[in-house]
Amino acid sequence: MTLTDDVLDGPPPGATGPVLSVRDLSVSFPGEAGRVDAVRGLSYDVAPGEVLGIVGESGSGKSVSSMAVMGLLPDRARVTGSVRFRDTELLGRSDAELSEIRGRRVAMVFQDPLSALTPVYTVGAQIVEALRIHRRGTSKTDARARAVELLDLVGIPNARDRFAAFPHEFSGGMRQRAVIAMAIANDPDLIIADEPTTALDVTVQAQVLDVLRTAREVTGAGIVLITHDLGVVAGVADRVLVMYAGRAVETAPVDELYAHPRMPYTLGLLGSIPRLDAGPRRPLVPIEGQPPSLAELPPGCPFAPRCPLVVDRCRESEPELDAVRPDHHAACHRSADLVRRDAAQVFDVPTAGATADAPRGEVVLRVQDLVKHYPVRSGTILRRRVGTVQAVDGVSFDVRAGETLALVGESGCGKTTTLTEILELTSPQSGSVEVLGRDVAGLGRRERTALRRDVQVVFQDPIASLDPRMPVHDIIAEPLSTHRVPVEEIRRRVPELLRLVGLRPEHAGRYPAEFSGGQRQRIGIARALALEPKLLVLDEPVSALDVSIQAGVINLLEELRVRLGLAYLFVAHDLSVVRHIADRVAVMYLGRIVEIGDVATVFAAPEHPYTQALLSAIPIPDPAVERARERILLTGDMPSPADPPSGCRFRTRCPRHLTLDEPDRARCVTEDPRRAPRTTTDHEVACHFAAPHAVL
Amino acid sequence: MSEIAAGPTPLDGTGPVLTSRGRLVLRRFLRSRSAVAGIGVVLTLFALAYLAPLASPWSYSELDYTAFLQGPSASHWFGTTQIGGDLFTQTMVGLQKSLIIGLLVGLISTGLAAVVGAAAGYFGGWTDRALMWVVDLMLVLPAFLVIAILSPAFAGGSFLILVVLLAAFGWMIAARIVRGLTLSLREREFVKAARFMGVPPWRIIFRHILPNMSSLLIVDATIAMGVAILGESTLSFFGFGVQPPDVSLGTLIASGLGSSQTYPWLFLFPAGFLVVAILAFNLVGDGLRDALDSSSDAGRRKAEK
Chain A
1 MTLTDDVLDG PPPGATGPVL SVRDLSVSFP GEAGRVDAVR GLSYDVAPGE
51 VLGIVGESGS GKSVSSMAVM GLLPDRARVT GSVRFRDTEL LGRSDAELSE
101 IRGRRVAMVF QDPLSALTPV YTVGAQIVEA LRIHRRGTSK TDARARAVEL
151 LDLVGIPNAR DRFAAFPHEF SGGMRQRAVI AMAIANDPDL IIADEPTTAL
201 DVTVQAQVLD VLRTAREVTG AGIVLITHDL GVVAGVADRV LVMYAGRAVE
251 TAPVDELYAH PRMPYTLGLL GSIPRLDAGP RRPLVPIEGQ PPSLAELPPG
301 CPFAPRCPLV VDRCRESEPE LDAVRPDHHA ACHRSADLVR RDAAQVFDVP
351 TAGATADAPR GEVVLRVQDL VKHYPVRSGT ILRRRVGTVQ AVDGVSFDVR
401 AGETLALVGE SGCGKTTTLT EILELTSPQS GSVEVLGRDV AGLGRRERTA
451 LRRDVQVVFQ DPIASLDPRM PVHDIIAEPL STHRVPVEEI RRRVPELLRL
501 VGLRPEHAGR YPAEFSGGQR QRIGIARALA LEPKLLVLDE PVSALDVSIQ
551 AGVINLLEEL RVRLGLAYLF VAHDLSVVRH IADRVAVMYL GRIVEIGDVA
601 TVFAAPEHPY TQALLSAIPI PDPAVERARE RILLTGDMPS PADPPSGCRF
651 RTRCPRHLTL DEPDRARCVT EDPRRAPRTT TDHEVACHFA APHAVL
Chain B
1 MSEIAAGPTP LDGTGPVLTS RGRLVLRRFL RSRSAVAGIG VVLTLFALAY
51 LAPLASPWSY SELDYTAFLQ GPSASHWFGT TQIGGDLFTQ TMVGLQKSLI
101 IGLLVGLIST GLAAVVGAAA GYFGGWTDRA LMWVVDLMLV LPAFLVIAIL
151 SPAFAGGSFL ILVVLLAAFG WMIAARIVRG LTLSLREREF VKAARFMGVP
201 PWRIIFRHIL PNMSSLLIVD ATIAMGVAIL GESTLSFFGF GVQPPDVSLG
251 TLIASGLGSS QTYPWLFLFP AGFLVVAILA FNLVGDGLRD ALDSSSDAGR
301 RKAEK
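Residue numbers (our numbering), protein chains in the order written: chain A, 1 to 696; chain B, 1 to 305.
Possibly wrong hints are sitting among the right ones.
[Stated by the list, open to error] Every beta carbon over 10 Å from chain A, so not counted as near; a handful from chain B, in silico:
1) L30
2) P57
3) S73
4) Q82
5) G84
6) L131
7) I177
8) A193
9) M197
10) H208
11) L230
12) G239
13) D246
14) A254
15) A271
16) V276
[Said to hold, decoys possible] To give an idea of the interface, some chain B residues facing chain A are shown, with a C-beta separation under 10 Å as derived from the structure:
17) P211
18) S214
19) L216
Because the hints were derived from the structure by calculation, they are not lab data.
Ideal Cβ positions, reconstructed from N, Cα and C, are used throughout, including at glycine.
Using the sequences and the hints given, assemble the complete structure.
Okay, here's the thing in structure tokens:
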């Protein structure tokens, strides 16, 4: 390694040397086909009070490296190199010795807050345990007082009462706060946060990131933030390290990295993220191919097979992480050629012609006042109905041929229930669903089956949505054979469909397990397209994919829509993806649509306070923009749909509600706002005091 | 739709080779050496059981009054019994019965368990309640006593009645397991995808749900075969199962058991065949499981080292 300590350190903010210093860390696991080198020679430093963002796709070794730092890897892992915490070497220590340091001086925040807390103890008891295990002298009362203080610090309302709550009584965001409270309980010098916000909704993510900032201010700890989300890193990190195939491929201060990436992979990653602040319908820059298998890495740069700038030298020797500028290191033979080049330019993406504003097509799907309530029952023998979950409560929208309507909202807002109700094609509890002008309520069984041809679905999880026991050919042929398409026709169609979604016809004989996530999602799309539907329902089709893969699937969907004139009903929680793909957007909150309109209007001048908060919570992968943005932080979590607030459902979290005077507030409490058209005919908002407020 | 066929162009190889699922499973099955050995042994056992009695100079009910309790020799390959029966022929004929009973009971009870369990789990509601009520009822009935009481009524009937009885009391626990698995599979997205495609319920059960628990079903079937053979021998021992002059491995083992110390061949030959038969069924079961389970590595071509 050519890195010298003082280069990597940067100027530590008023402290003596780094808290954590990792040198030449390598981790390998025994695998079926020889050893898998999960981390290959990773070096970095974290200064006190500094946030180091480690970014990489799944399998890049980012989590494994931090587990190695904590000494949490299983015994079969072989770990070499050096991990120095302050002046102590951590590698090679026994588990008992490490336990002295873990939890007290080094704390960890994991991705899944549900499994990070023990379900059978109260949250308070677990924080008290964390405090007392490292400070034996602490009395129970002191520890308790401190725990309440900590819960208060991380923003748990009524900390004193919530102290005795069990983890399942907390929402996801509150659990993650409790985990952070536990992490900072002993005033650690270093906090390792492994994807701390990935499992959370955007508005909650914004809150948790805020808590993480507070935690750093309070403890002065260095933070290692591991994430796949370049947007999160942009807002929080001071320095960024990009990992690929078990190695650091680029490291630089955050502004420098985003402004002048010098490694094609970083550039590709930045180009492949859909951005909230980008113009609509800019094609994303997918990185072709898959990350390499770490079992048998060929010589040369591991990114070479996917790199557009590859030269012979790249296939011969693996580039070292060299300084390209002071404090900026990149592992690329061609980093000098990358100065000031745009991702689209480097990766050679055809700039798709903007779709001309064609007149709006016929209505493919019309949903009117759709209602779905679930009964809540209690009691074992006599199951009494004790309440109603208003999952969907009066939702109306329509989707026209050739257009994409995005249904957006946080988890629990009822978007998936809405989809399921539409896909069932049965008479809803109340309201109506019309597909291609036919009300589904009056359909017989045969007609319903026939109508299914026109409405197909692509699911979120590409692993769960394909039957693992069927080869790809049978999977794609299933809708065809179900609808009695002749065998010869199926034989012809399957290879055609595979080609359509960018796979090879030879792949038909393989099982889904042999494909990567992005390819599986393509198979799912091919299956959905088999019957040439008019409407494609997409349930978070890209949220389970890595960004570089996601871009390819988004581009494919976009291309198919234009070519086949499909209508998409696109459910998503990620507004940047929506901005990219949708023509119109409907924002849902607690079973209602609060704002609906065309993407340009809603994103430029959102009028409902919830839309504004949602937009402002989405990180933009540009540190300068990110720092300058105004944030509307929502307090608390979404109320339970079993017990929605009276009047306006959003008022309990509404920032605008707080600024109103008494009579206006009373109106929010008593009167349910109807969806009313705004300036443009296609823009409707359900708020008594709607007012545009640009948040981008 | 043909104008769109030229999509994002993949590499144009030769025409697509479409491999059917059955052929893939077969290929994967044949890759496992022990499974092939198992199927070889099963076939050999069947061949022996049905062909060897024809080749033997003795019939299974014929008695050789010149040889009582003789050890294995050239004229009696496995020796003789107390009353001069030829043990080789008897073992082969017994093997016939045991194999066929084991195979049929295993298949019938597992099939019943799969259909009932999957239907209960998939349809839920009243179907579920009614079927599970039947399962619970069957579970509390003492199977052995019921068969013992019923068997005089069927005395003189074919051994197929025994198969039906054994199968009827062997499926309930497996059905409960299948129901539980179905409940979780029903919520999986590929099942939902099939539903939204318009695939009828029974087709979903047979195409998606049951294949996804095939390893369970196969293991269950192999266990059921072993259990059936043992159950049959127990019943036969008490005189409720295979009736003389018919023989099965069970009746032979039962009658040889008493003299296993002094005249070991009486016990060892039938017991040995019983062990070999069950072992072979299990090997086949393992091989099938690996072949059907696409996530298992065992059926895949060995990675180059």
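Going through the earlier hints one by one, which of them does the structure break, listed in rising order? 8, 9, 10 and 19
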